[in-house]
Structures are given as C-alpha cells and as structure tokens.
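Place chain P on chain E using the hints.
Those sequence lines, one after another, are chains E and P.
So for the first sequence, the working numbering puts the first residue at 364; every next one is plus one.
So for the second sequence, the working numbering puts the first residue at 407; every next one is plus one.
Just so you know, these hints were derived from the structure itself, not from any lab.
If you want the ones that stay clear, here's a sample from chain E, every Cβ over 10 Å from chain P, calculated:
(1) G387
(2) I702
(3) L744
(4) N777
To give an idea of the chain E side of the interface with chain P (calculated C-beta under 7 Å), a few residues:
(5) A525
(6) S532
(7) F892
(8) W914
Simulated coverage check for chain P against chain E, where a stretch passes if three residues somewhere in it have a Cβ under 8 Å from a Cβ of chain E:
(9) 606–616
(10) 625–639
(11) 790–799
(12) 805–815
For every residue, glycine included, the Cβ atom is placed at its ideal position computed from N, Cα and C.
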Amino acid sequence: MWMSELPAFIPFFIGAVVALLTRGHLRSFLMLAIIVLSGLQLWMLPEAGVRVELGFLEYQLVPYRVDALSRIFGYVFHIAAFVSVLYSLHVRDTIQHVSGLLYAGSAIGAVFAGDLLTLFIFWELLAVTSTFLIWAQRTERAYQAGIRYLIIQVLSGVILLAGVLIHVSRTGSLAFDFIGIGTVDGWLILIAFGIKAAFPFMHTWLTDAYPEATVTGTVFLSAFTTKTAIYMLARSYPGTELLIYVGATMACFPIFFAVIQNDLRRVLSYSLINQLGFMVCGIGIGTALAVNGAVSHAFVHIIYKSLLFMSMGAVLHMTGKIKATDLGGLYKTMPKTAILCIIGAASISAFPLFSGFVAKSMIMVAALKEGHDWIWLILLLASAGVLKHAGIQIPYFAFFAHDSGIRTTEPPKNMLIAMTIAAVLCLAIGIYPTMLYQLLPFKTDFNPYDVSHVLAQTQLLFFAVLAFVLLNLKGLYPPEVRATNIDVEWLYRRMLPRILRSGFSWIRRTDEALRGVAMSKVNNLFDYFSQLHYPGGKMSRMRPTGHMVMWVAVLLAVYMWLLLSFAN
Amino acid sequence: MIYHYPVLQVIIPLLGAPLCLFIRVPRLVGFFAVLVSSLSFLISCGLRQQVHLYGTIVYELGGWAAPWGIEYRIDQLNSYLLLLVSGISTIVLIAAQTSIKKELPENRHIFFYTSYLLCLTGLLGILATGDAFNVFVFLEISALSSYTMIALGTDRRALTASYQYLVMGTIGATFIIIGVGLMYMMTGTLNMYDLAQRLPEVYKSKTVLCAFGFFIVGVCLKLALFPLHLWLPNAYAFAPSIATAFLAATSTKVAVYLLIRYIFSVFGIDFVTTSLPLHDIFLVLGLIGIFATSISAIYQRNIKRIFAYSSVAQIGYMILGLAIGTELGLTATLLHLFNHALMKGTLFLAIGAVVYRIGSSQLNHFAGLGKKMPLTMAAIVAGGLSLIGVPLTVGFVSKWYLIVALLDKGWWPVAVLVLISSLLAVIYVWRVIEWIYFSQPRIILDDVREAPMSQLIPIWLLVLANLYFGVDTRLTVGVSKLAAQSLFGVTP
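Next comes chain E alone, as it looks inside the complex (with noise of 0.2 Å):
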C-alpha cells in the first residue's frame, strides 16, 4: 500500500502550498483537514510500523521510518500542529501559515527520519522555517532576536553534520540508533542535539527568541524544536548517566532565572527548559519506566506548555501587554481563559488528575528506584519551583492580583477553542492516563495513582499553595513583582545553602566580564577584518600589475628553491 509509505511530512509540505495559494476560510479548512487526514493515516498504520529505505551516494536512506518510539512523538506532533494551527486561523499573515506548516512538517520528518543525512536536513529546515516565525513579528527587536536564534540554531547544524561526518567515516553507515558518548561523533552530535534540546550555557536562544515570535508563533515555537530534540536524545542516547545532572540542573537554575522575569512568556520560557530537565533525566536513567516517563512527559507537557503560551498569548493578543506588572485582575473579562489558563497550570504543577502528574510520577519513581535519591530530590525541589512560577505566578498576575484596570474581552473563537481542545487533553490524559500508557515505547503497568504518589505530590502541591495563601492573607505576599520573589523563594530557599545565591551572582559577574572581553576580542578582529578586506583594504585592493607579477616571482622563486634544494 503505496499511502502507507507516504512520509508524514509530505502532506505538511503540501499543506504549506494551499496555504500560500489559498485565502480565507477555505485556507482555513484546508490546512486542518490535510492535518487530520495526516493524523488519521499515521494512526491506521500496521502496528509495527514502516520503514522506507533508499539509495543516495552509497549509502542506505531511510526517510520515514514509524516504530513504537517515533509514532508517539508523530501523534502529538500532529495535535500540535492542529490546535496551533486552529489558534492561528484568525491571523491573516501567509507567511505565519506557511511557516508554520513548513515548521511542523520539518519537526515532524526529522522524528521519522531513520538515517542521519535526512535527520541533518530536517534539522536545518527546522532552524529556518521557525526563524520566519519570530520574524514575522516585524520589529526590529524580533528581527535581531531571530538572527541570534538562527545562527545559533544553525550552528547546531553544522555541529551535526560534523558529528554525521565522523560517525560515517568512523561507521561506515548512517544509521540513526543508538549513538552514545565515548567517541568525538557521539559528543558532537550530543552537543548538536543538546544546543536544540537546550542543555545549560546553551540555553540562552530559547528565553532570546521566544517571547520576542508572535502571539501564535510562540505556540508553534514551543511544541517542535526542543521536543524533536528530546525524541532524538531519548533515541540515541538513553541511559547516558551524564544526562541525568544535565538533566537535574535544567530542572533547577531556570527557577532562579523564571522568578526575576516580568515578561511572562519569558517566564513560560524558562519553565520550558525547567520541563525538559525532567525529561532529560528521564532519558539519561535509561531504564524502560524513565525513558517511558520521559516520552510521556514530552507527550503531556507538549500539550499544556502550549496551552499556557496559548493562554498568554490571547492575553497579549487582547490587550497588548504581557508584563506581569502591567495586567491583573483580567478574570472579570476573559474567565474562559482565566479557567482554561488554571486547568494547563495545573497540569504543569502536576496536580493529580491533571496531566502532568501521571507523566512526571513515572521519571521521580525511576530516579528513586535506580537509587539516585539525590536527583529525586533535586526533582522534587524542582517541582515545587514549578508551582511557584508557572503554576501560580502566571494566572495569578495575569487574571488576578492587583486590578490593573484593563477592560476586555474573550479572545476571538478559534483561539478559545483550541485552548479548550489542549485543556479537555490535559484533563483526559490526567484522568484515563492508560490512554497515553497504551502509546508509550516499552509495555508498562504503571499505577500513577497509587497511594503514595497521590499523597507525596499532594502534601507539597497543598504546602506551597497553604503558604501561597497564608502570606497573601497576612499581607506578606505584595502584589509587586519584585517582593513576591523574595517572598516565595523563602519556602525552598531553606532547602538550599544561601551560599547558592552568591555562587550564582558570581557565576554571572564572572561570565559577563569573561562575556565582555570575548566580545571585545572578537569585536577587533571584525574591525580588523574589515579593514583589511573592505574594497580599499589591504586584501581586496585593486592591485597594480607589478604587484602581481612580483608574487609570481616570489612563488617560481620558492618552488625552484625547493625542487632544486631538495631533490638531490
């Protein structure tokens, strides 16, 4: 059956053509029926899977290959892609839509990519469809930030194929399994994927670049690059122990950076990479229950993180702000949002029921039973930074709070929609999570409520929103911004030496004085450059004809010299 063999991303590629060649609602149809029908075929494919294999060069192409891994990641792209498209209808920008489709498609062929070359193109494809994205913002700030995000991105590129290089040399074949450090290929390709996933110290595009892409960009933004990342950790690098401290300082130091945002999709960023820690853990555990955790922790968080840019995004869209100082008390006109915020922030906080719970429960169980009962900690600490800034700092300054006075309205139609869809999947999955289990790489029986678990997350869900409310009430919790952090980090701060803020100020005087003399260093030998090589310059001079001729002399003379000298 020649459908069966269709590559999942042709019909996005497809689909990015109607967009460009069609307007209005039939744009609109379109681009979600060619979707679904993506979605529905990748559904009635035989359970164990395709595997499409092609010559180039001399080497074995697999561009689409479905199995237990690739097929999870397949399905929640296409949700992503379908309520991020449904979010976005309203826009009237033709290169949003395309983009967007291009984006999802490249995301969505670089999971199913079975060889290296293909996963290096899709890579690159990824890097500069999503760029359009931030670009078409159409500010100067999100012109710059989308620069920065690109070369950086393709960096990560070049990286790659560095690594494919060596692996292929080393190799003799592209296949795309397990990889593993221990070789310069494998540490290449670590650092490319880890530079997408962002790893610490590479981190720093996603918190540039994503609060600057538009409302609906953001949306698309957070579900594809770093999950496609996490998909090609959790393939060639499971049971890598490195990725478990990897992992925990993800989880960790966006805390810290998330308190002293304003800007709340800034602050969603850093929650970003503060999940993926999780996940990164999981893969680097590496037995059957992490690495299912992990997987569905990006399954699940896919959903509500992008219901939580979603939310925020219709806050931006409607009045313009998204400073935490700037909104409040926006529950009164926009309580459909307001809920279907709080239902994608609880989900995050992993409160039972929601969706976040029965994933993250699989990774901390996994930490504990292989014994690593310090990351369990860490993890723990890190749920409860979680709460705190994603959980509770982002409804509670956007709807509540302080009244900021902003009178509005409800978000247009297709927005609230597609927010209800991710929110009913969030709740779904929370509740039926065998429905996501069912899915996951390896068989599993995992209870995620049983009853320790439901106590454990309970009792420090129910601690920190008690000390939530007990300071609100005594008055200790000031609406401002800027008290709230010092406020509310108290209740974890005691769990970490104080000496930890200090490191943390020193790591950041001494990286930007090593910061600035680099650039310094670097800004002269552009200068240097530049002189010498602008027309007029030393290197680009029109040169006289005695100038050249004298060069050929000089070269005759040096290889006489040599052949004469040497030879005998």
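Same frame as chain E, now just chain P:
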C-alpha cells in the same frame, strides 16, 4: 564520422568563429553561435557515450602517428569535462542573445560572438588534446579571446582589467611553454603519453625539475590559486555579464584540469611528491586562499566581485582535494570541478539577468528585487545555497566527498576548517539575500520586470541541474570515481 568526433569537437567552433565575421548580421550571429556550440555539445555527448562503452579513444590528427603527429586522447576525465564545458557554453549562449544585445553596442556583437567561439575552441582543445605543445596553442587561443571578451565590457575599467589579465595570462602561458620546452629538450617528445614514458629516465636532471617548477607556477596563475588570483576579481567584475558567466564556469576549471593532467599523466604522482612537498604547499595555499578570499567576498559591494572572490575560494577547495593526495581526494576535486561550474554558471547568469534589467551589479541596487524579479532572485538563492553546500544541492555532494576524503586521510582539523569556511559562505550569501529580500529599494524600480524568458530558461536549466545532480549523483560521482581511479592507475 564517429571516428572524427574528437577533432570535430574542436574544429567546429574554430571554423565557426571566422564565419561569424562573414555573417555580419548581429542577430544571426547569435543564433549561429548557439548552433555551433550545441553541435559541439552533441558531439561531446557522443564522445562521452563512446568512452563510457569502449574506454579511451585515441585519435591521430591527419593520420600522423604519435609521437610525431598530434594525438587527441579522450578518456574518462576529459570526456566528462568536455561535456561540461560545451554544455555550459551552450546554455550561456542562449541567455547571451538578449543580454549581449542590451549590454554591448551593436557594432561589437559580432566580435563578442567570434571571440566567444574562439574561447570555446581553446577550452575544448586544451581538454581534448594529448600533445603538450598543442595545449599551449589552445591555451593562448582561449586566453587571447577572453582578453578580448573582457575588454569589450562597457565599463572603462574593463580595459585595465583586461590588460592586467593579459599581462598575467601571458606570463602564465610563457611559464607553461618554458616548462614544455625544457621537457622537450630532455626527452625530444611533445606527446603527453610519450613524455610520461620517457621522463622517468631523466627525473634526476635539474632541467626536468625546473620544467616542473615553471609549469606549476604557470598553471597556478591560470587557475587563480591564491596568491596568484589578483587578476581574477577585476576581470570578472568588469567583463560583460555573459563573458563572466562563461569564464567563471569553465575557464579556471580547465586550468585545474590541466594541472591534474600534468601531475598525474605526464610527470607522474611519484615524481611530483618526491621532488616537491607539493601536497603541503597546496594544503597551505588552498586553506589560506579559502579563508582570505571568502572573507574578502563578505566585504565586497559589487555582487560580481562577491562571487568572483568566492570563485577563488572554491578553487581553494579543489586544490585542497588535490592536496589530500588520495583517490578520494581527487574524486572530491573532480566533483567540485563539475558542481562549481553549475553553481557559478547559475549565479552569474542570474546576475546577468539583473544587469539586463537594471544595468547595475552593485549590491545595494539589488534591494527590493525580490518582489520585482522573483524567479531570477530565487535562482540566486538556489545558487547561493548550493555554494554554501546545503543538502539536496550539488554543493553538498562535493563538500561531503571532500570532508569524507579529509577524514579518511585523518586530517580532521582541516575538515573542521572546511566546515567553518562554509559559514563564511553563509555570511556572504546571506548578505546578498538580505539586500534582495529585506531592504528598501535604493533606486527606482517601477519599470523593472522579471527577466525575459530567453534568460530565465537557461538560468533555471542550471538551477535544476544544481538540484538534479545534488540528488542523482550517478553521473558525477560515478565518472569522477572512474577518472580518479584511472589517474591513479596509470601512474608508473
């Protein structure tokens, strides 16, 4: 008839050139040139087919047996390049019909086509012949006619550019003839095949060593290896666009062919490596060339100069492939030879189409053309992507092979440098794209329309070739491999 293909290939344009002067009607001359060039192309297709089926063809000119008579030898390597040169020439000539009409005053059209055909004769002759002195003759034919073509450019600086090229080209040719002369002195033969047989006896003599030195410097001057490239940017920038497209795509490639032919089939790789650290020299010059000229390309303000500098950088990649000194490296060089001709042909033809419409090749005049000439600009983007080495384009294939060859040799630091240099290409290509699509027009563009069909078709033929050979690499990789194998095989 088939028997005479090797020489017909060269004779047809050679006779066609003076006929142009007789036809006199500028419009007809254009058609006539296309006809001649396509005949050459058809013959080269036939030759390629024959070589593919029966192996090397040896043709004795006038029935005089070598080594007394002149011999044409068509093997894997040159049949493939004959195909390339005559193919590109035909495609460029189709675009020339309108472009030349606009760019040159009418009384110069005939001269242009005459010198164009002569240049084609010269290039095809260098490729086809198996005689060392004959090479020099054809080299001069092609060089003299390209000086003429460049000097025909309407910019007055074209004259100085052409004059500089004349001086440098003559020095290069003189060095080559000195080299050939010295070899003749020692061996008494001019036939390449014969030379290869007789040279080993006199390898130790200083005369042969001097011959080699002169020859290498002369050819490196012709192929514009850094630092002997200084004549090239001006020559390309001020020549008529069509001449630039043709020369950029073919002329330096033929010089690279000459270098490969002499190193492998005449001197022999063993002699070359024992008498001179040529690999090291090429490695250093190639790398410095890639970086220095890529950076220069970034800062240029004239788009022709950007891609002229980039051409020198691309030559660096080819030389780098040679420097590796393995079969894989040579394959990479031969691949890039072919692929680079496709990229630069596309780019310079597209630029020619812009010059046709707006009369300028200043980069800032390209602002806003993305909307006015979408198809032409898309071709520039495609050519640029190919230059960077994006997958699905030919550029990727040749970079891939180059890097695989470098890694195979164990030179991974060089491979890293090659990847970094691709980033430089990203920068200069991006600068062009930024001007085209993201800037406000600097000049009035109201009357500017898409390029005429007669230019769009050749441009897009080349774009499609860029994409096609980026995916289906049977011809390019297959032939390059065979050629590399046979070159390594024939060495004593």
